[in-house]
Structure formats: C-alpha cells, structure tokens
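Number of protein chains: 2
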Amino acid sequence: MNKIVVIGGSAAGAKAAARAKRMDESAEVTIIQKDPDLSMATCGYPYYVGGVFDNRAALISAPTGVVRDATYFRNDKGITALINTEATSIDIDKKIVHCRSVQGDSEREIPYDRLILAMGAHANIPPITGREASGITTLTSMADTDYLRRLRDEKKVQRVLVVGGGLIGVEVCEALQHSGIQVTLVEALDQILPFLDWQLAKLVEQHMHSQGVEVICGVAVQEFLTDKGAVCGARLQDGREIDCGAVVLAVGVRPNTALAKNAGLELGDFGGIRVNEFMQSSHSDIYAAGDCVEIPSRLTGKPVFAPMGDLANLEGRVAGENAALGNHATFPGTIHSGICKVFAFQAGSTGMSEKMAQKAGIQGYTAVMHASPDKPGFMGAKLLISKLLVDADQRIIGYQCVGPGDVSRQIATAAMAIQGKLTVTELVNSDLPYAPPFSLAIDHFIAAAHVMQNKLAGLFTGISAQDVWEMVQKSENVHFLDGRSPQEFAEMRLGIGEKLLPIGALRSRLAELPQDKATPIVCFCKISMRGYESARVLQANGYTNVRVMEGGIMAWPYAREK
Amino acid sequence: MNKIVVIGGSAAGAKAAARAKRMDESAEVTIIQKDPDLSMATCGYPYYVGGVFDNRAALISAPTGVVRDATYFRNDKGITALINTEATSIDIDKKIVHCRSVQGDSEREIPYDRLILAMGAHANIPPITGREASGITTLTSMADTDYLRRLRDEKKVQRVLVVGGGLIGVEVCEALQHSGIQVTLVEALDQILPFLDWQLAKLVEQHMHSQGVEVICGVAVQEFLTDKGAVCGARLQDGREIDCGAVVLAVGVRPNTALAKNAGLELGDFGGIRVNEFMQSSHSDIYAAGDCVEIPSRLTGKPVFAPMGDLANLEGRVAGENAALGNHATFPGTIHSGICKVFAFQAGSTGMSEKMAQKAGIQGYTAVMHASPDKPGFMGAKLLISKLLVDADQRIIGYQCVGPGDVSRQIATAAMAIQGKLTVTELVNSDLPYAPPFSLAIDHFIAAAHVMQNKLAGLFTGISAQDVWEMVQKSENVHFLDGRSPQEFAEMRLGIGEKLLPIGALRSRLAELPQDKATPIVCFCKISMRGYESARVLQANGYTNVRVMEGGIMAWPYAREK
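If you read the protein sequences in the order shown, they are chains W and L. Residues in the first sequence are numbered consecutively from 12, following our numbering. Residues in the second sequence are numbered consecutively from 12, following our numbering.
Incorrect hints may appear among the rest.
Copies of the same chain look alike in the list, so a pair counts if it works inside one copy or between any two.
[Unchecked claim] Once the Cα atoms are required to be at most 27 Å apart in a straight line, the calculated DSS-like pairs of lysine-lysine come out as: (1) Lys-432 with Lys-313; (2) Lys-573 with Lys-485; (3) Lys-88 with Lys-528; (4) Lys-313 with Lys-370; (5) Lys-393 with Lys-573; (6) Lys-105 with Lys-432; (7) Lys-88 with Lys-510; (8) Lys-14 with Lys-106.
If you're looking for bench data, these hints aren't it; they were derived computationally from the structure.
So here's chain W without its partners, still in its complex pose (with noise of 0.2 Å):
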C-alpha cells in the first residue's frame, strides 16, 4: 500500500491529495495541516474583506457549501487531513516526517512511501521600523482575512494605508475602500501592478484615483508612526506622512521551504524547491508543488517563482497522480498569464511585458497598443486598452490588457495564442466567437493583430505616449494632430500643443500643414484610428516624417488639459 503524505493542504497540497487517492484508491493519503482550515479559497480572501459575500465559510467551502474539514477528506475524499499539525522536520532516509500539535501537547512520525510538500508561502515583512506595531497586517491568512473583515465591520477605523502595489495589494485597496474606508497605496517602485508595463499600470493608478484611493508610487515607507504600540501612521522617505488606522503589507510572498531546505532538497535561485517536468524535487520519493516551488517560464525556459492559485491546483495534480503512480503526468511551467479587478476595471496579462522582453534580453521584438470598446456602443461598449508583443519571428509572446471592457476574454484569447505559438499572419485572421452583446465584429485582440500587422508592414510609424510627453517637456518642434471633431475636442482633448485637423477635412485642408514635408508630425485621435488614417493620408501626399501615437487619447497616462 502507498502511504502518501501531503504537507499543506490549501490549494496545491489538497489537490494534490485529492488526484493521489483517485488514481489509486488503496493509497493511504495523509495531510499534514499547520492551519485548522483546511483549502482554503485564498485567491477569495479579499472579496471577504470587501464584502462581496458575508459568508465566510464560502472560503472553505466545496461548491456544494460543505465545509470542506477534516470530515469531509475522510468521507468523502477518503483522504487523513490532520489539522493544526506542524511538520518540523522530514527523515530523509527513513522516510518519516517528524509533526507536533501546533498547541505543542504532542508530536508523531508519519511514515511516507512518497512525499508531497505544498507548505505554501510567507508574506514578506519589509524591514521597516515600527512594524511590530499592533494594526499592521498582512492578507495570507483567515485569520489575517478575519481581521480586515473586522475593520469592516466594527467601522472604527478610517484610514488604512496598503504597502505594495501588487495583485494582493490593489485588491485590498479595493475591499477597503468598497467598506468605506479612505485607503492610500505606496508602491516603492514607479507603478503598481509590475506584471504591466507602465504605461498601462498608470491607466489602472488613474482609475483608482477617480475610485478615491491614494496611490502614491516611487516612494517608500521608512517608519510606521505608533500610539501606545498601535500604528497610527508611516512616515514616507519622501517625508511626507501618512495617518492611518492600520496597515496592510502586500509586500509579495517567498516560498516556504525551511523543511525542504533542512532535508537537504535543492532550492533554486528564488529559494523555491527546485523541481523537474514531473513535480519532483532533487529527491526521488519527494514531489512539491505550489507556492513553495520554483517551475520553469514556458518563455524563457528559466525558473521562475510563481505563486498563484491556479498553478498551485494544476502543479499539485501533477505531483499528486506522480506520487501515486509514478512519473508520467508532467508540468509544462507557466506563461505568466495574471488578471485582476480593480473597482470597474480589469487589468491582464499573459506572456511577455516589454519590460519582461528587455530584462530577458529578446532581441527584434515589436511592441504595440491598442485601444477600443469591447463591445458595439449599442450594446453598452466599455473600452479595452492593449499592448501586443511579438518575438522576431512575428510569433506573441506577450498580450496585456486593462479597462473596464472584457478584459478576461481578452487575456485568455491571447494565453492560448501564446501557447500556440501562433503568428501575427494566423492572429490577423483569427476566428473568435462574433455576437454584438460579447463583442466587437472584428474582436479587439484580433484588432491589436491588425495594427501590429500594420506596424510591422511599415504602413505607419509607432510613438508611444511617453515619447510624446519627451517630445512635449523638451518643446521639441513637433506638430501635433488631433484627427477628431470639434465636438469631441471640446470635450475632452490632451493640451499639448495639438491642432484639431478632424479626419473628414484633412484632404481638403492639407494645406494647413507645415510646407516642409519632413516636419515631424505625429497623428492621434480618441484611439488612434483616426489617427492612423490621417498618417496614411500625409503619407501619400508627401510627408516622410509622420507617426501615429498608439492607443491615442485613450492610453494618455497623464493627465489632460480636459
């Protein structure tokens, strides 16, 4: 009989268990459970927080609204899930792990034939002074979730300040701010969301602004301010200080591998168990999966640390049907696909950013934006702004997309093109389900493919809206042109020195440009159709120097004069 043994049982460790005991139902499966819960939604923990659902055992709960406790593995999982149990160290040789009861009255050995390690991950914890205080938080735990709930519910505290601008971090901001209370962010580096490129996280900064969060980038905390050892505040490097009723550090998370470290196993350069294709770790009857492991970037083919719910479920189905019946299941790695909501935006990537790209060192790649509703504007259009990267051999490998349009859809479309490897000649004619209440006729990604396609055939010349604002700071002598109506100029426009030359009088009107034919010229509409007709129009008629500022008006990252 397999005795399998599981240490960690939220996501990767009870999937894991799970698939062991269906592949082989005469193995005897044990999880060994540091926490009294047992699968934990953690991925759901915000949503707590905010409000979305008041049911808090919804977070540990099968579909069917059974809790899913140590019961409910025996009955119905035919699996041993031994709660509040530490695992403190693992014999290697004889093939037992050493637990004790986390109240410390008791301690076992459990022997195992093979052993799977989904310990998880640790918050970071910044070294900043003061953050022992009371009040300062992380969100990795129910009971860290009980406590925002609480500030919720008992409406004492007004102000929270959020630490990191990550996945965790923005949607913290969000369940706070939905509660009523007055967050602020401070994210050290120059944007939230690191999976975008900047341009596209400032999108997302602005829409949080207009929610009413605070979000301070580029600066870091250097001291929480305290009150008889409760936080009442941080004071920033900058030196500007912030009130707050507590904190809460989204500062990212590193794996949890004390025990695989002390057991001899390999860890990789992330400090995350190192793995091969089948889950299995340096030592052949000991598999690992989730947060504590290092698994290879599908793009790169380098290891990378990824913690996310999802791989954690298929990495730990993988190290579950191995240890149960051998290696032949394997684990491709991840191509860093990510969403998130942010109040009524979703922000997504998959793939390379451009910022992946260069740090990866891929050479030849072009990058482009996007911008367009998701939808006819008939049936409630909400705008979607992307950015496509293409390796050298015109194949995606990156597709990011944030607004308040259907960027789920999005985000998984490019996923599988990415994990097709499909080139820019098989996107342009992609065949996506077409009805007007999902979206647009010819689909945004497919339309992101279309100007990329464009792009690369020279038929316009890209700037990005950083470069504009380069152009606009130095007052370099450029002409700028606004393709749109009047009515639209009057309603919203940059203020950049930009003339208003609507597309449906620039042939008639070309006259009013500059004589000098290489004069810089740089064409833009709301999302740069328009935009990208207007070139196409100086082109024909002589003008060498003409570029369009993709995603237009819509992918502006700063801030307007209307």
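Let chain W serve as the given structure and place chain L on it in line with the hints.
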C-alpha cells in the same frame, strides 16, 4: 490610378473599400450600394428590435456616433459611395459595372481596374403556402428591422411565430419576448441552434421554455393562415394550429450571386462565389468577400458557406488589400466559431460538433461533456455546460458551451486552442488568467480537458444522458447511483430509479450495492465530479461495469422528476 469598385456596402464591402483606400490613398474607390444605408450593423438588428437600445441611427453609425452615410465615406474615408444604386451586370472584358438607380430613373457605367463583390446574402423563403401574406417578414434589412421594432412599439400584435431556430431565430425570439410579445418558435429539425449537438441545444431550448417561449422542434410549418391578406396563424405538419399576428422567417440565407453567375464567375457547391486564399474569384481582376462567397473550413479543408459578420469583415480586409496592392494577404478560412445570447443563457461553439465530425467522417475522435460553475460560488457562480472533442491524435477539434455563465471567454479560449492545434496534454496545464471574479482556480475549459484526459486514460468510462435515457426507456437492469447529499436529492432529482448514495458514505456502504461485480452501474451527481469519484471507488472495489454519466444532472436534457 487604380480604380477599385466594390459592389455592396455592408460589412465586407465597406471594410474592403476602407482597407483598399488605406493601402493606396491614390486609388479611386467606389462603393455601389443598392440599399439607402451603408455599413449597417446587421448583427445588431435583433437588439434594436428588442429595445436593448432605441437609437436606430446607432445601427449605421461609427463608434464616434457619426452616421456612416455617403458624406462620411467621402470625407472621412476618401471613398465614393453610390447608395440606392443597383449593379445590374458586370462586363468582365470591358471591366465595367452597369448600374441603375433603384428608382429606375438613371443608368450608368462604372469602369474598374479591380472589382470586389460583396453583395451579401438573401434570406431563404421556404415555399410554404400563404408566405405572401402581409405580416410575414425576415430580419435581414433595416426595413425588416423597422417593421419588427414597430411590433414592439405599437403593441398591437400579441403573438408572433418565429420559423427557424438558428442564430437569428433565437435572437428574434428573445427580442420579441422582451417586447412583451408571446413567441412560438417552430424548427423543422429536431433541435434549435444547429451548430450545437442535440444535448446542448436541448438545454438551451429548456431555458427558452423557462423564459416563456414556446419551442416546437421536429415539426415543419405546413401553411400560413391568413385573414384578408394578413397572416393570422400557421398550421404545422402535425396538424397543430398556432395563432399569431406576425411571422418571422429565419431559415437561413443563401449567397446573393446572380451578378457573379451572369458574369461567368465560378460558384461553389453551396452557390457561393468560389475564391482562392487571396479572396480572388475565378477571374483575376475580381475579388469577393462576405456572405456571397464560400470559404474553406480550416478543419476539413473543404469549402463551406459561413455567412458570419466577423468573417465578412476579415475577408473584406483581405480582398481590399489585395485589390489595392496585388495578391499577398491571405484568408485561411473558418473554424466555425459562433455564439449567441439567449435570454440569460449564452450558447457558443467553435470547431466541430460531434454531428459535424461524424458527417466529415473523422475517425477515432473522442467527445466528453463537462459541467461546472464559471467562478467560485461566493463570487456569484453561474453554470457552464460544455462538450469537448479531440481527434485520434488527441488534438482539440471542437468545443461547445452553453449556460448562464461566461461562455464567451470559454469559446474564445477554445477557438485559439483549436487554431494552435493544441493536444490534451497541452490543454490540461493551460495557463489562463485566474482571479475569483473571472474563473475558477481550475478554469472550466481546463477542467474539461482534465475530464477528457481522464477519459482517454481509461480512468472512467463515460455514458451520455441520451444513452441513460434509452436504458430507462427500455427498463434495462442498470443500477443508477446519485452521489449527492440527501438535501440536494430532496431539492432536485432525475427520478429514473436512481439510488441515493452520497460519496461521503460510499466507502462504508458498499454492502448496499449489488454483490455481482459485473452489474452495470451508472454514477452521477450534479455535475458528475462526485459521480466520477464514486466510479473510482467502485472500480477499486472490483466493480467492472461502471460508467459515469457525463455532465451530471446539469447536462440532463429531459424533464426531471423534481
């Protein structure tokens, strides 16, 4: 100067003209359009009829709200659009299109260097007695749309009969039902939505029933009943009579190719203009795009008639580019992606249905049903029911999905997977964007691939609801096992003689099962996850004839006891 003439100014024609002009600003581009309108959002007609929006002009407007009339085409696009102008013949040798005004008061000849045919399709009018009566319409033009919208606004007609249960038919049902009109849908085939397999179509049909639409399948209309020249009802072939104040015929469309045929261009087996990969007809100066052509199925390689708005746009883009610059852009064909909204349901498909695979003679394919929520229960989960098909090489060749959940993302994901020719091994570890507002940690699509992998690996033997139904009808000696809880059973159950044996009690109550280990047993639950787990336990305990009813109760297309 390249003279490009486009016959037809709706989706394909307008797109081809605009693309051609952007490729070659010096080209003289002319659209010949019989209708008074241009660039009509044909797919939006049902939503205007149903009152999703009230601004008729939105159907013919650019995203900026400007009506796309001849002036717009002239000024914004640099294109001459001749509306109310009918092309009567093409002189291929002289390269001239003969036209006359719709009023019949003028004729003209328009010379071309390159011609693009985009005449679209005609609605099929079935040869039913009484079809000339007033009150019988199709929904293919702005005039049809206006007529049906008046039905909504005037509230004089209480009952409408819709003939044909394809995409347009079901969309019209929803539109009229939302208008307060009692709708009956009659479909001669045994199911609605022919792109779906029967079981999934029945689930949609059940939903339409639940929304108050009477759906009658498998019976044709024999005769329209009239009163003073106006339709007042219909008699079906089974003798039933249906009262109605209006009839919408939605029994498909056929390519509008009289012009092409008369000019000697080759047509295909479906009557559409035959084109090559450049969207070029049998005559090298003449391109064609949209609902008047046949294109290849990318799955079978054979020509098909695929009159879809999204494909029309993509085809038009290719035809326009090639007409302007010579052949270099190509169009690969369709993978048959489609979707529609049906009240609170979405229904979509991409690639092959099982029906289509059988018809195409695909050998060795495997199909599997899967049901699950689209996201966690605490985030407001909605159900998805899907069917995945893979070929003998285990590559995905088809995916259908229906339900109140986010079908759109599912079908878009699958469409890209099909285009990437991904295998089950690749699909099971797909990296899709996950966060609780958007999906389960293991997305429904990935889970469907997991079920497929389990089936292919022989971990379970599936049985369809239809086969179970047959067994029940024949009173076969089969043991049906429902693995849910007593509470769930009390609230909803099939009532096919099943035994309730909750998965949580199965291991301890094996003695209650037939002692003959060869007894046929069919396991299921709400979605057949617990059904699968039950089957695994039974198999491990020596039962040799255990099957899992795929998709569970949620995919049951018949009436339930409760």
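Here's how the hints hold up against the structure:
Within a single copy, Lys-432 and Lys-313 get their C-alpha atoms as close as 18 Å, and across copies as close as 25 Å, so both meet the 27 Å cut-off. With identical chains, the CA atoms of Lys-573 and Lys-485 are at most 27 Å apart within one copy only, with a shortest distance of 21 Å there and 73 Å across copies. Taking CA atoms no more than 27 Å apart as the test, Lys-88 paired with Lys-528 passes between copies only; the shortest distance there is 22 Å, against 74 Å inside one copy. When the C-alpha separation of Lys-313 and Lys-370 is checked against a cutoff of 27 Å, the pair qualifies only within one copy, where the shortest distance is 12 Å, while the shortest distance between copies is 45 Å.
In this assembly of identical chains, the alpha carbons of Lys-393 and Lys-573 lie at most 27 Å apart only when taken from the same copy (20 Å versus 41 Å across copies). Taking CA atoms no more than 27 Å apart as the test, Lys-105 paired with Lys-432 passes in neither setting, with 46 Å inside one copy and 46 Å between copies. Within a single copy, Lys-88 and Lys-510 get their C-alpha atoms only as close as 68 Å, which misses the 27 Å cut-off; across copies the closest is 20 Å, which meets it. Proximity of Lys-14 to Lys-106 under the C-alpha cut-off of 27 Å is restricted to the intra-copy arrangement: shortest distance 10 Å within a copy versus 81 Å between copies.
Checked against the numbered hints given earlier, this structure breaks only hint 6.
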